[in-house]
Amino acid sequence: MSLFDWFDNIRKAEPPMQKQQEREIADGLWNKCPACGVVVYTKDLKANQLVCTECNHHNRVDSDERINQLIDADTWQPLSEELNPVDPLGFRDRKAYSDRLQEYQKKTQLSDAAKIGTGLIDGLPIALGVMDFRFMGGSMGSVVGEKLCRIIEHATEKRFPVVIVCASGGARMQEGMFSLMQMAKISGALERHRQEKLLYIPVLTNPTMGGVSASFAMLGDIILAEPKAIIGFAGRRVIEQTIREKLPEGFQTSEYLLKHGFVDAIVPRTQLKKTLAQLISFHQPFFPILSHVDNNGEHSSVMHL
Amino acid sequence: MPKTERRTFLLDFEKPLCELEKRIEQIRELAQENEVDVSEQIVQLEARAEQLRKEIFSTLTPAQRLQLARHPRRPSTLDYIQAITDEWLELHGDRGGFDDPALVGGVARLNGRPVVMLGHQKGRDTKDNIARNFGMAFPAGYRKAIRLMEHANKFSMPILTFIDTPGAWSGVEAEKLGQSEAIAYNLRQMFSFEVPIISTVIGEGGSGGAIGIGVADRLLMFEHSVYTVASPEACAAILWKDAKKADRAAEALKITSWDLKKLGIIDEILTEPTSGAHAAPLEAAATLKQALWEHIEQLSEISPQKRKDLRYQKFRQIGVFQDSSA
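For the protein sequence lines, the chains are G and Z, in the order given. Heads up: the first sequence begins at 1 in the numbering used here, then just goes up one per residue. Heads up: the second sequence begins at 1001 in the numbering used here, then just goes up one per residue.
Mixed in with the good hints there might be a few duds.
Derived SDA-like pairs: lysine to any residue, alpha-carbon spacing no greater than 25 angstroms straight-line [as the list claims (entries may be wrong)]:
(1) K246/G x G1171/Z
(2) K95/G x K1241/Z
(3) K1054/Z x C1018/Z
(4) K1176/Z x V267/G
(5) K197/G x S1303/Z
Keep in mind that the hints were calculated from the coordinates and are not lab data. Note that the structure is a prediction, hence the values are computed from the model and not measured.
Let the hints inform the model, and build the full structure from the sequences given.
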């Protein structure tokens, strides 16, 4: 063995540096904000729903944390947790898709990139779907499509409003056309929900791109977005390559979409639960209160639900 | 002149065939000059050419099929519409300030029956292609499409859409005008229509830009067309970090009509003339016309509500996963 080989082996034997781990906040007492660089106490950051107390930067939230933030304590009822992805095409890029899936499942403890269930939000029932960016960039394959369809169908049956928190790079290419077809499938479920005159609110968080953006993310009766989320059809790199020029400042941000009329409101995370609950209560069935006394001598100023 | 033109569009795998054809032509000319009868040999050679043609076109790789699907001489939406309709009137505009030439549509009569036809339109030459943005529609295109479909629904005309696009246009203007919203809206609305909808991939079915007019009761595909979640070039750039691996991506993504039929994504493959639709466009058009008519007749026997339900069920069951609760 030459000295160079020996060096090579040493290098290979070294554990890979934890360079690409976009540190999920949990570990450590202190946390440095990636936007402003201020170091804050992790406990404070968590108490502020992972929004930087200094610069208002919205750190990424995983699905469990998001459910905690939105749903009243002890009311969350998960659905279809037993759905697992498979590799329908025998897809292999630099790595086999099936291996990739296992890796992500191990790393994230998630089965795929979405969680669904029902719960109360300030006492009002909702059907909730939450995408999780940690699992393959929140990409949409058959499982994500199926789960979101199921929660929308469940809501249609129970007459619940639907809220979907989007966080996704788009379609999952490893599932080929199955992935593209989920866009239509979910949109179809939303059409049936709409036919029943029920409320649907997508919440767009960073990032909401491609096939997700071009289907259920843009189909809300009311569309909310978190501040400074990147939302768009094509990725910035693709656009830069096709037009070969610099992109305008603030392009594809929530603020850009608000300005051009594609979202209704930008809501800071700390206000999200309150805003959703308020919006849902606006859309509860309304019965005018009748103040006359009916034949039985009783006041009928009671809401009949 | 026509000779050089033909050369320009010769695909690599067509070369051996082209050479053989050229040789047959030469022999024929020589024989004529020298007044020798070679008709027997020519018949033999032509039989061999036919054999070779069949061999080549039945064993194409996905990447080669992609080349055929993008062939500059491949019949376009307007070519088919003009070939199969009794009469046709193009209609314009999204009623929001734009008319997108990359997505065309209008009212037509098919075997006497009024229908609405629309589809992506690629250009016939460079100049036309620039005007039509290579068949990559803006949000205005999708909004024109849905307006025409709503029109069809109002007047009980079946909707026939033709898919032929590398993808929806990705540019600053398209994002600003809401490319995502335009496609999303179409996906949902197409589930609400009561009239029969038939979509045919005639060339390139590129991603969201394709499915934006592709929610249908029947999804047909010409034999050598492709339908893909992302262009093989983009897929290779993202997953292999190397756009040159596009051939491998084309293979892995399962984009050919046979693959998609096997996977249950499409309903029917339309057989093309042996050397592809561009070799005999009228023959391809006749196949298309017959298939569309059959499906219109079949679908017309179903009640509107039932048709809508079936359309939803069709898409509802697409997807492969493991349900361990069962």
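Now for the hints, and whether the structure bears them out:
| no. | hint | in the structure |
| --- | --- | --- |
| 1 | K246/G x G1171/Z | 11 angstroms, holds |
| 2 | K95/G x K1241/Z | 12 angstroms, holds |
| 3 | K1054/Z x C1018/Z | 13 angstroms, holds |
| 4 | K1176/Z x V267/G | 21 angstroms, holds |
| 5 | K197/G x S1303/Z | 23 angstroms, holds |
Checked against the numbered hints listed earlier, the structure breaks none of them; every hint is satisfied.
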